[in-house]
Amino acid sequence: MTATSDDIVITGVGLAVPGLGGAADLLGAPSGTDGFDPATGLTGREMRNKDRASRLALHCAHTALRDAGLVDADGYTGDRDTTAVVVSSNLGTLEGLCQAVDTIAEQTVVGLSPLGLPGTSSNVVAGWVAIRYGLRGPNLTVCNGATSGLDALYWARNLIAAGRAGAAVVVGVEPANEAVTRMLGRPSTDVAAALVLEPARTAAARAADGRATIGRYARTADLAGAVAAATGGAEAIGLRLTGADLEARLGPCSGALGVLQVAAAAAHLSGGGRGPVLATTGGAPEDDAAAALVLTACGH
Amino acid sequence: MSWDITGMGAVANLGATPEAVFESLCAGQETRTPLRAFDAAKYRAQYAYEIDDRAEPGRDEPLRASRWLTSVVADALADAGLGDDLTDVPVLVGTTMREQRSAELWWRDGAGIGPADLHFGTPLRRAFGARNTYTFANACSASLYALGMAADLIETDMADTVVVAGADSMTESAFGTLDKVQAETPRALRPFDESHLGMLMGEGAVAVVLQRAGTAGRARARLRGVGMNCDAHHATAPDHDGITRAVRDAHRRAGVRAEDIDLVMLHGSGTPRNDETEAGVLAEVFADAGAGPLMTAIKSMTGHTLGGSGLLSLVMAVIAFEQRRVPPVLGLTDPIKQAAGLRLVRHETVAAEPRTAQIDAFGFGGINAVAILEATR
Chain A
1 MTATSDDIVI TGVGLAVPGL GGAADLLGAP SGTDGFDPAT GLTGREMRNK DRASRLALHC
61 AHTALRDAGL VDADGYTGDR DTTAVVVSSN LGTLEGLCQA VDTIAEQTVV GLSPLGLPGT
121 SSNVVAGWVA IRYGLRGPNL TVCNGATSGL DALYWARNLI AAGRAGAAVV VGVEPANEAV
181 TRMLGRPSTD VAAALVLEPA RTAAARAADG RATIGRYART ADLAGAVAAA TGGAEAIGLR
241 LTGADLEARL GPCSGALGVL QVAAAAAHLS GGGRGPVLAT TGGAPEDDAA AALVLTACGH
Chain B
1 MSWDITGMGA VANLGATPEA VFESLCAGQE TRTPLRAFDA AKYRAQYAYE IDDRAEPGRD
61 EPLRASRWLT SVVADALADA GLGDDLTDVP VLVGTTMREQ RSAELWWRDG AGIGPADLHF
121 GTPLRRAFGA RNTYTFANAC SASLYALGMA ADLIETDMAD TVVVAGADSM TESAFGTLDK
181 VQAETPRALR PFDESHLGML MGEGAVAVVL QRAGTAGRAR ARLRGVGMNC DAHHATAPDH
241 DGITRAVRDA HRRAGVRAED IDLVMLHGSG TPRNDETEAG VLAEVFADAG AGPLMTAIKS
301 MTGHTLGGSG LLSLVMAVIA FEQRRVPPVL GLTDPIKQAA GLRLVRHETV AAEPRTAQID
361 AFGFGGINAV AILEATR
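Quick note, the sequences are listed as chains A and B, same order. For the first sequence, full-length UniProt numbering gives the first residue as 1, with consecutive numbering after it. For the second sequence, full-length UniProt numbering gives the first residue as 1, with consecutive numbering after it.
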């Protein structure tokens, strides 16, 4: 497929998933070497006094920006005024609020830590990512249930297509903790992925590699409807990445899921795998909708 | 380009329709009440601007924000003359807390809440068959962010009609942490007054129907543009430069000059940092705009309704256009020095004929959204 002037492509991918080294590890058996370890990967000055979801997000955002060739020793090298941040997370702030409720009950508000203030608002992760890299474009947090990660990609694309942003850092993140485990009813896992989105012409102008092109998206009542709307019923799909397949390997991914799927799609397509890739999430009985997103190989 | 606002719904401490809320704002009475949502003995702050609709006094219930949201969306659709089938209509909801109050009640009291209850797509699907729904947790600029992205959907031909909403109920964790952090404890929200000590939370929900210009017969007002950005400066404090850029971006998108604005619905959260920063920015923006616009701050009577507060301000601006009057900033007797040159409405409602309004909304994470609205009368 040839890039058109309106295409929006993925130019950087980063993961923070325990044991995984990179997005290619999402497709097959992890190589096992240089896998992410939260015990060592979430340390350092930038991580201090931040909630776990924010630390996971900062880790993978940095990898994605480096992968896109958009960071150097002085920080972000793209246009700070027009770079958007879009974060998907459903459960990232859950533990903090549960702890605050317990603290208030036991000690009144006197026992609360002022450091918890940013985390009382569900957009805490997006704020920290913007501050870390000086990203002053639109800053959006999508908390939209099972489809949230794919929805975040859709809105990042919309912000670029509408001319509000010249690039976007998209992060999907969920932390592992007791509150999340109780809410989900199964063991929670640390999962995060980040993607850098740019117009194809911007990527071409700076000779950056496009890993995949964002195609059609739909959010509708059920999976069959979402797939039909996203593919138009016509396209032959090279690879279908279902949320269930990925969660069977990684554990529950919630708001990180769609972003992880698109990271896997980018690895598949940039590795020469057959496209297009169809990513689907949601559609379970408890979900309010299902979503599908098509990704294609980048033209050269 | 411009967009028609064809229907509105709102609920807050002051009333359950936009007109009722506006009427109460114009009455200019103190509206905050003793804290009832939580055990007041655990907090320094003893007042809030709650919607007191619990079945049993003193016993909080889950899913109140979802309930209010469903109600205001139904009202906005009826006002627009549309049915309540949203199968093919996108719904964009801006919120600070989502249903995190329900999660608190789940954690502490075992309320029957699951992951699908935390976002608003679930009640919107149930009530209206809506599938194309989005919950944006964009702090206290959320509903104006949602409005801007709704306008984008129409501009890029992805929709002709979009429902935009905001909803929040107070959470213990946020009310408590703010209470802990504020150096002094406010007894009321007093924006731009020397006596301001900080923010007190309110509750509410608000919805508008946004349509491609000319799609519907009657437009109650016309949206001219929304600017949105991020300070990338501080996790919770506002930033002069970021807010200035958001205001100027909104003016540019709307194709208006500062002197064209005749009403500003202020963010006015009553924290000294917000009020000083917002007043300072507006003093600069309107420095060469003659007498400058009238300004008011509804949080002085609604409290800070969080994610929906920007859209609630916008709905109040529509009614100010229609009724040709602007309610006062309650309790403003001694304006802070940064606001000295601003035409803040004080003491009582004033008669006025505003045609173009600017609506401010700023949130944690340094995220700002500013909308420009035009009268259709």
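Hints are computed from structural coordinates only; laboratory data are not their basis. Heads up, a few of these hints could be off.
[Unchecked claim] Footprint (simulated), chain A over chain B, 3 or more residues, beta carbon under 8 Å:
(1) 12–26
(2) 90–99
(3) 114–120
(4) 128–139
(5) 228–235
(6) 364–375
Given the structure is predicted, the values throughout are model-derived calculations rather than measurements. Heads up, the beta-carbon is just placed ideally off N, CA and C, and yes, glycines get one too.
Residue count check for the segment 228–235 of chain B against chain A: does it reach three with CB-CB under 8 Å?
With 8 residues in contact (Cβ-Cβ under 8 Å with chain A), the coverage given for the segment 228–235 of chain B holds.
Okay, the segment 114–120 of chain B and chain A, do three or more residues pass the C-beta test at under 8 Å?
holds (count 5)
Verify this for me: three or more residues of the segment 364–375 of chain B with a beta carbon less than 8 Å from a beta carbon of chain A.
holds (count 4)
Do three or more residues from the segment 128–139 of chain B put their C-beta atoms closer than 8 Å to C-beta atoms of chain A?
holds (count 9)
For the segment 12–26 of chain B, do at least 3 residues have a Cβ located nearer than 8 Å to some Cβ of chain A?
violated (count 0)
Coverage assertion for the segment 90–99 of chain B with respect to chain A, Cβ distance below 8 Å, three residues required:
Since three or more residues must qualify, the claim that chain A covers the segment 90–99 of chain B holds, with 4 doing so at under 8 Å.
In summary, the one numbered hint that this structure violates is 1.
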